[in-house]
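Using the sequences and the hints given, assemble the complete structure.
One-letter residues, chain by chain:
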Amino acid sequence: MSFEAPLPPYNFTDPTATFFSASCIDLLLIELVPLVQRMAESAPSLDYPIPTSYSNKLNEIENLPSTPTTPGPNTNTNSTITTTTTTTTTATTATAAEPPTDEDTAREDLFNRLESLGYKVGIGLVERFSRDRSRFTDNLDVIKFLCKDIWHLVFRKQIDNLKTNHRGVYVLTDQFFRPLLRMSSSSGVPAATKAAPFLQFPCGVIRGALSAMGVNAQVSAETPGLPGAVFQITTVNKTPSS
Amino acid sequence: MASTPGIPVIAIIGKQNNPIYIYNSRLPLPSTSLTTSLDLHLLLHSTLDVFEARLPQKTADQDFGLLFAIDERLAAYGWMTNTGVKFVVIVDQGFNSSSALSTRGGGLGGAIREADLKPVFKSIHTEYIKLISNPFYDHESKEMVKSKKFSAALEKIAETGIPGVY
Chain A
1 MSFEAPLPPY NFTDPTATFF SASCIDLLLI ELVPLVQRMA ESAPSLDYPI PTSYSNKLNE
61 IENLPSTPTT PGPNTNTNST ITTTTTTTTT ATTATAAEPP TDEDTAREDL FNRLESLGYK
121 VGIGLVERFS RDRSRFTDNL DVIKFLCKDI WHLVFRKQID NLKTNHRGVY VLTDQFFRPL
181 LRMSSSSGVP AATKAAPFLQ FPCGVIRGAL SAMGVNAQVS AETPGLPGAV FQITTVNKTP
241 SS
Chain B
1 MASTPGIPVI AIIGKQNNPI YIYNSRLPLP STSLTTSLDL HLLLHSTLDV FEARLPQKTA
61 DQDFGLLFAI DERLAAYGWM TNTGVKFVVI VDQGFNSSSA LSTRGGGLGG AIREADLKPV
121 FKSIHTEYIK LISNPFYDHE SKEMVKSKKF SAALEKIAET GIPGVY
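Residue numbers (the working numbering), protein chains in the order written: chain A, 1 to 242; chain B, 1 to 166.
Just so you know, the hints here were simulated from the structure itself, not pulled from any lab data.
You can trust all of the hints, since none of them are fake.
A few chain B residues facing chain A, derived, Cβ under 7 angstroms:
hint, residue
1, Thr59
2, Ala60
3, Asn82
4, Thr83
5, Gly84
6, Ile129
7, Ile132
8, Ser133
9, His139
Derived DSS-like pairs (lysine-lysine); straight-line CA-CA distance at most 25 angstroms:
hint, chain 1, residue 1, chain 2, residue 2
10, B, Lys58, A, Lys144
11, B, Lys142, B, Lys15
12, B, Lys130, A, Lys120
13, A, Lys120, B, Lys15
14, A, Lys144, A, Lys120
To give a feel for the contact side, a few chain B residues facing chain A, derived at Cβ under 8 angstroms:
hint, residue
15, Lys58
16, Asp61
17, Gln62
18, His125
Note that CB positions come from ideal geometry on N, CA and C, so glycine has one too.
This is how it looks when you write it as structure tokens:
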């Protein structure tokens with residue numbers, strides 16, 4: 001998918017090319033973080049089984065509407081209320097039982113989820129959009145493709161600044177990063193923490209894109225001031241293994 | 001069927017040289033050296049060496065052309081995407097290869113030019129992109145792909161054969 005119609009011969013090789021509104025991805029990227037947050041809260045991790053007490057309560061709730069005494073819409077609202085209360089109670093009991101690092105692990109869980117979502121997107125993007133491109137010769141070539149083509153596809157602009165120490169570390173600076181463009185905050189310090197989850201998905205996209213092109217890397221991001229974002233890529237191997 | 005150059009085998013090989021999908025339509029192929037699936041796997045393994053040997057010289061495009069000829073009828077053609085995924089197509093020139101040899105006067109593969117395979121590889125690539133764009137596709141999986149849609153698409157490509165060559 002792409003924002004703008006590419007040059008005419010695109011139909012020749014790609015009958016599935018589709019285009020969508022640019023606001024769509026903005027809204028999606030903004031809405032993604034609260035969505036994943038809610039998912040992380042309701043089902044702590046996909047790897048762990050759902051606690052039996054919780055699943056029992058879920059069963060109770062599922063059985064509730066079948067009771068014939070109360071009218072339909074009322075039971076529905078009741079059941080939704082009970083679900084929310086049960087989740088909050090389980091969450092609070094969990095926080096009470098665990099050491100104070102629980103909030104950190106929850107945040108880490110959220111970050112991991114967002115990052116792995118982006119990872120898949122990155123892999124797909126590269127497979128799709130590096131098709132008609134010449135072969136990558138070195139890591140810098142790969143990073144350039146990321147900064148110019150992939151960045152333009154996802155965020156409608158190129159990276160503003162690319163720095164490298166020529167030893168496998170690349171620093172990408174975007175002065176007006178699209179997902180952060182509409183954000184503002186009254187004070188400076190919490191803004192960076194609040195914006196951090198919104199940078200995880202793009203981090204994943206970068207890591208996925210690089211790994212699809214044969215560069216294993218670690219990606220971290222931070223925002224120095226609100227619409228700006230800085231991504232640091234640390235590559236693990238020296239040459240693309242394509 | 002015998003007069004048209006057909007595609008009996010399409011293989012998709014992953015970045016770590018892991019088999020992703022192997023389509024074979026009419027194995028065993030009579031009167032060729034490709035009779036068992038073991039032959040096929042041996043053959044596909046040997047194509048990987050050709051990919052690796054030619055990679056340093058391949059800086060421009062993804063088409064690896066004719067990898068090698070297998071016998072009088074069969075030949076293996078290759079393609080490697082920028083993401084390191086390899087496609088191998090085995091072409092069966094059928095029984096008309098002798099006439100093609102006499103008219104064109106070339107060696108094996110004389111009836112098919114390497115450029116003829118390009119649209120085939122492009123459509124395989126399109127199908128592969130569709131496959132990995134599926135949100136349920138597991139990129140880390142070491143298993144072979146079991147997608148009905150993908151199988152059907154590759155079967156269609158194989159049956160369509162090489163456009164413009166007959």
